[in-house]
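The hints should help you fit chain X onto chain P, whose structure is shown.
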Amino acid sequence: MSSRRRVFITGLGFICSIGNSSEEVSDSLRNLRPGLERVTFFDNPDLRVKVAGTVKEFSTPSHSVADWKYPARYTIKPETLRGMAPHVMYAHCAVQQALADSGLSPDDITNGDTGMFCASAGSASLMGHHIAQLHAKRGGRGDPMGIVRSIAGTLNFNLTTSFRISGASCGFVTACASSSHAMGYGFDEIVLGRQKRMIIVGAEDLNAESVLPFDSMRALTHRDDPMTASRPFDVSRDGFVSSGGATVLILEEEAEATRRGAKIYGEMTGWGQASDGYNVAISHPQGEGLRLAMEKALASAGLKPGDVDYVNAHATSTPPGDRSEAHALNAVFTKAGATPWVSSTKALTGHPLSMAGVMEAAFCSLALHERFIPGAANLENPDPACEGLRIPIKASILDYAPGVILSNSSGFGGANVSIALAALR
Amino acid sequence: MSIEAQLDKVNGFPEGSREALQEYLETGKREALDRLVVHAIRHYLPSTSQYKTDHSLAITPDMQIVADVGMDSLSMMELVFFMEDVFDVQIEATEMQEIKTIGQLMDFADNRLGPKLKASASGAA
Numbered sequence: 021m022s023s024r025r026r027v028f029i030t031g032l033g034f035i036c037s038i039g040n041s042s043e044e045v046s047d048s049l050r051n052l053r054p055g056l057e058r059v060t061f062f063d064n065p066d067l068r069v070k071v072a073g074t075v076k077e078f079s080t081p082s083h084s085v086a087d088w089k090y091p092a093r094y095t096i097k098p099e100t101l102r103g104m105a106p107h108v109m110y111a112h113c114a115v116q117q118a119l120a121d122s123g124l125s126p127d128d129i130t131n132g133d134t135g136m137f138c139a140s141a142g143s144a145s146l147m148g149h150h151i152a153q154l155h156a157k158r159g160g161r162g163d164p165m166g167i168v169r170s171i172a173g174t175l176n177f178n179l180t181t182s183f184r185i186s187g188a189s190c191g192f193v194t195a196c197a198s199s200s201h202a203m204g205y206g207f208d209e210i211v212l213g214r215q216k217r218m219i220i221v222g223a224e225d226l227n228a229e230s231v232l233p234f235d236s237m238r239a240l241t242h243r244d245d246p247m248t249a250s251r252p253f254d255v256s257r258d259g260f261v262s263s264g265g266a267t268v269l270i271l272e273e274e275a276e277a278t279r280r281g282a283k284i285y286g287e288m289t290g291w292g293q294a295s296d297g298y299n300v301a302i303s304h305p306q307g308e309g310l311r312l313a314m315e316k317a318l319a320s321a322g323l324k325p326g327d328v329d330y331v332n333a334h335a336t337s338t339p340p341g342d343r344s345e346a347h348a349l350n351a352v353f354t355k356a357g358a359t360p361w362v363s364s365t366k367a368l369t370g371h372p373l374s375m376a377g378v379m380e381a382a383f384c385s386l387a388l389h390e391r392f393i394p395g396a397a398n399l400e401n402p403d404p405a406c407e408g409l410r411i412p413i414k415a416s417i418l419d420y421a422p423g424v425i426l427s428n429s430s431g432f433g434g435a436n437v438s439i440a441l442a443a444l445r
Numbered sequence: 045m046s047i048e049a050q051l052d053k054v055n056g057f058p059e060g061s062r063e064a065l066q067e068y069l070e071t072g073k074r075e076a077l078d079r080l081v082v083h084a085i086r087h088y089l090p091s092t093s094q095y096k097t098d099h100s101l102a103i104t105p106d107m108q109i110v111a112d113v114g115m116d117s118l119s120m121m122e123l124v125f126f127m128e129d130v131f132d133v134q135i136e137a138t139e140m141q142e143i144k145t146i147g148q149l150m151d152f153a154d155n156r157l158g159p160k161l162k163a164s165a166s167g168a169a
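So the sequence lines, in the order shown, correspond to chains P and X.
Just so you know, the first sequence maps onto residues 21 to 445 in the working numbering.
Just so you know, the second sequence maps onto residues 45 to 169 in the working numbering.
Quick caveat, the hints were computed from the structure, so don't treat them as lab data.
Among these hints, one or two may not hold up.
[As the list claims (entries may be wrong)] Listed below are the simulated DSS-like cross-link pairs for lysine-lysine, each with C-alpha atoms no more than 25 Å apart in a straight line:
#, chain 1, residue 1, chain 2, residue 2
1, P, LYS157, X, LYS144
2, X, LYS53, X, LYS160
3, X, LYS162, P, LYS157
4, X, LYS53, P, LYS89
Every value quoted in this text rests on a predicted model; they were computed, and no experiment measured them.
Pulled out of the complex, with its shape left as it was, chain P reads as follows:
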């Protein structure tokens, strides 16, 4: 293999349902502690959606940033906050957390060698609010910040300017595969020698407007027990649990990471993507796109199926989606005689949409660095499609150091991404 530039993971930042720091997240993953809570949207107790993966320590009770709260350990300039949606505020804090974790100062990322790729669906809540204002005034007046606060792209508009990024910046919109795409193309920026460092950001609001449209699709569970509502791969699964927050992962070229003696969680060794070309909202029944994405990720990283120790599945706890992924996993691994561990951490986190990919890749980074494999919480009776898969049922594996991990994501339109990660050995 030619001497391709190597890409290391050197910083993590979490504002997610199972923790607001690497320590909290790691503890939740090891002990299979869910971050879901009972919620009531629109003060309407009759709504069938009862549980969500909530964002802790933050508060956004109205559309006005004057009413918003974030933990005192972070700093956001008031005029910067005014341009933000809730998920951008979470992400701003997660970037600060990741920079500190990586030993980078804010001035280290402004010289053009650092880029930032972001993924969110925008803020449906703020979009609705600003459009309603426009309607109320019959087009006569609107908030000047309405667009930059709300449209898909608000995450990259805000963060690249507030952190004075002068390298590459871009936003990705492939729904639940978005931040995996951000990570994949971020990897390419470094491999191609365009950037020395890429900050990957995934974030989503968690409010009525971000959650309930998925109930209109009949994609959400109506279970009311936060401990057991999300049940990826279980026969009794009946929909996903929405979640929000922000996750940040810093990718860095080997020479740069070595030069500054950075902490290294692991290596990103490749990635693959493929599309179902099948249905706007439902994954291919046999998981064809995801199978191809995993095969391309393995080829990109120079791996065989038997090299993989763990797959962090996309499985969100919907009946058709999890079944498709089980088929894809069997096609790639079982058929080749390989039996990596497989689990979906969404049993703990719920599904944070655009943010899922980078969040789960960050979980895998912790697993590589701290030597454990997250278990499959709430899995009691695996779907028959899982026959052949090796799933760590209802317990994490704490005495096993994974060497190679794949992290899967699938989004609307049948967009599939698989990320290959490896322990630094």
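Here is chain X on its own, set in the frame of chain P:
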């Protein structure tokens, strides 16, 4: 819009903003409006301006809004939207382009908001 809803528009503004707005709405006093204008300027100023954080530094009528105080074009648009929103008036961009100093902004606000205030007061009576 109720008085309470109008007052809520200055949530998060510097201390004294709510009182200044309430006094202006109740009495129409120019001095209260001038105070509100200064509070609103400080609220919308970028953090790069020392006038945002250091409230002991006076913002006076003779000062240039951009050159001296440090407003930028986006923060000016936000200030205009604030005035439109709280007093339910429509302000054209061309009107704002003529305004260079804090004093001109205070005069403009008084000219545009004063009559509106009197109209709504007589309407209520």
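For a quick check of understanding: which of the numbered hints are violated here, in increasing order?
As far as the earlier hints go, only 1 is violated by this structure.
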